[in-house]
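Undergrad: Each chain, letter by letter, is given below.
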Amino acid sequence: MTGGLAVNQMLRATLILVGMVGLFPGPGASARAETPASPNDWLDRMSAVVNTMNFEGTVIRRREGQSQALKVVHKVVDGVVNEKVITQEGNGLEIIRNGNEVHCILPDRKSVLVEFWNDDSTLFSTLPKSQLRFGSEYDLSIVREERVAGRNALVLAVRPHDGYRYGHRIWLDQETAFPLRTELVGGDGALLEQLKFADIRLDSDIAPQALQPSMNLDDFTWYTEPARPEIEEVESEWVCDDLPAGFRLLSETRETLPGSETPVTHIMYGDGLATVSVFIAAPTDESVAGRAAVGASNSYSVELDQAAVTAIGEVPLATVRRIAGGMRLR
Amino acid sequence: MNETLNSQLSAFVDGELPEREAELFLRRLDRDDALCAEASRYLQIGRAMRGEPQLPGMRELAGRIAANIEFEDLPATGTAGRLSTRLLRPAGGVAIAGAVAIVALVGLQNLGTDTGPGSSVAAAELAAVAIDEAPLYTEPPVAEFVSDRPGEMLSRYYRHHGERSADMGASNILTRLVTLELREGELVRIAPPTGEPGATEAEKTPIEIPSSTE
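Residue numbers (this note's numbering), protein chains in the order written: chain A, 1 to 330; chain B, 1001 to 1214.
Derived from the structure by calculation, the hints contain no laboratory data.
Virtual Cβ for every residue (Gly too), placed ideally from N, Cα, C.
Just so you know, not all the hints are guaranteed correct.
[Stated by the list, open to error] Which residues of chain B face chain A? A few of them, derived with a C-beta cut under 7 Å, are:
1. Ala1011
2. Tyr1042
3. Arg1156
4. Tyr1158
5. His1161
6. Ser1165
7. Arg1189
[What the hints assert, rightly or not] Computed far set for chain B versus chain A, every beta-carbon distance over 10 Å:
8. Glu1023
9. Leu1024
10. Arg1027
11. Arg1028
12. Asp1030
13. Arg1031
14. Asp1032
15. Asp1033
Sequences and hints are given; from them, build the entire structure.
TA: Written out as structure tokens, the structure reads:
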């Protein structure tokens, strides 16, 4: 409680200080005022720093009203990402990454799951990149300054123009442009997911041992995924005639998913930040029209033209509902 | 100010507080001078960071408004009038007294003052600060089936969407954790790696997987 009060007092003091700088600008502030860095400049710096900077700290992840603490160690060696993430509560899951190879250690199951992730799947890879054309479906702006993990941060807001996509808020370290806190915000302003550093050491020296498993894995059982499905690019006979503004076709493929014998048509749409998948398959007993949600991901299923159509994405329900309902045979 | 209140204030200043909460928040601002001052400060900080000039006389004006000048008495013409309507909307017709009006006036003054090149930025900021006028999605009454947890096929779709999004650089560890939670499926057992992580030998022998990997 005392700590919380102290933090609030510090935050307040910082705000007052910053407010005073605004009211009585000194020479430095004046220089900044003439050439303020644009939000896109900040995103450029952020993109560079998340790919190159070593860091370690504690991340608090909030989703669906629940919080989870993660210890994170991240080191880049010759351009290869080495990362270790340990959940601090619950099952003690550890994720250890060396380049594309990822070991998910599940102590309570005495199991290790080996996965192969792509290069972009890092802690912050959903962050928007400056190449995205903001101004089309999203606005990007610097809104204020706050303290996060004991550091001064600028808050960038990515606001969607409509209710068909989520917004983002990013707290960037003023010194390095490192993202100290990120939030996924629903169309009604609700916080959907938050990732926030409670403490962080940037550009720190990280010993190789810090990236090793925290436990002996001798009696653990190792698993991996089955071979990934073969993906065949196709020109689908399906098209969406009611896409929300800004969504474009990204890919059309025919795939047989692991654990299934029936091929599905998989169409992906994106607006530059959010992606939506549409799966089209022959109806089965398992096909159920309706909606479901996992975290911030929504899905909506409907039967159209004797096919089971399911749209899924990290977008509001309205978006998957509209896209699924808008699918038509050409 | 506790963390919840601070978050509410941040969301309010960003124009991201849901309408009903914004209404309650505005009422609270009306009663809480310290909170109102903090909201006002947030707006000033935003301008200071963008190098926009502060408003001469604003503090005195705020003081006067605090002495119960009703917001409705202010001139409501042009852009400022439109914005004032937008700022008022969340209050749902509740008369907005001094403290609330201070926050609104910080922005209105910005629009009414020729601040040079920064003025358009200031206007944009205000537009963002105001509760967004655009229609927001409202959850319709649900008559359809709502699943609390995806079935096997839907789980497959979720996982595959996560993987393909990752191929496009749009997935992150949160999505991976979600897919991990959904992995009750078709894993295959392999031999532990003998050396470096990259040297994993896939001696693939299908076996029954653990009932849950969570």
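Undergrad: Which hint numbers does the structure go against, in order from smallest to largest?
TA: none
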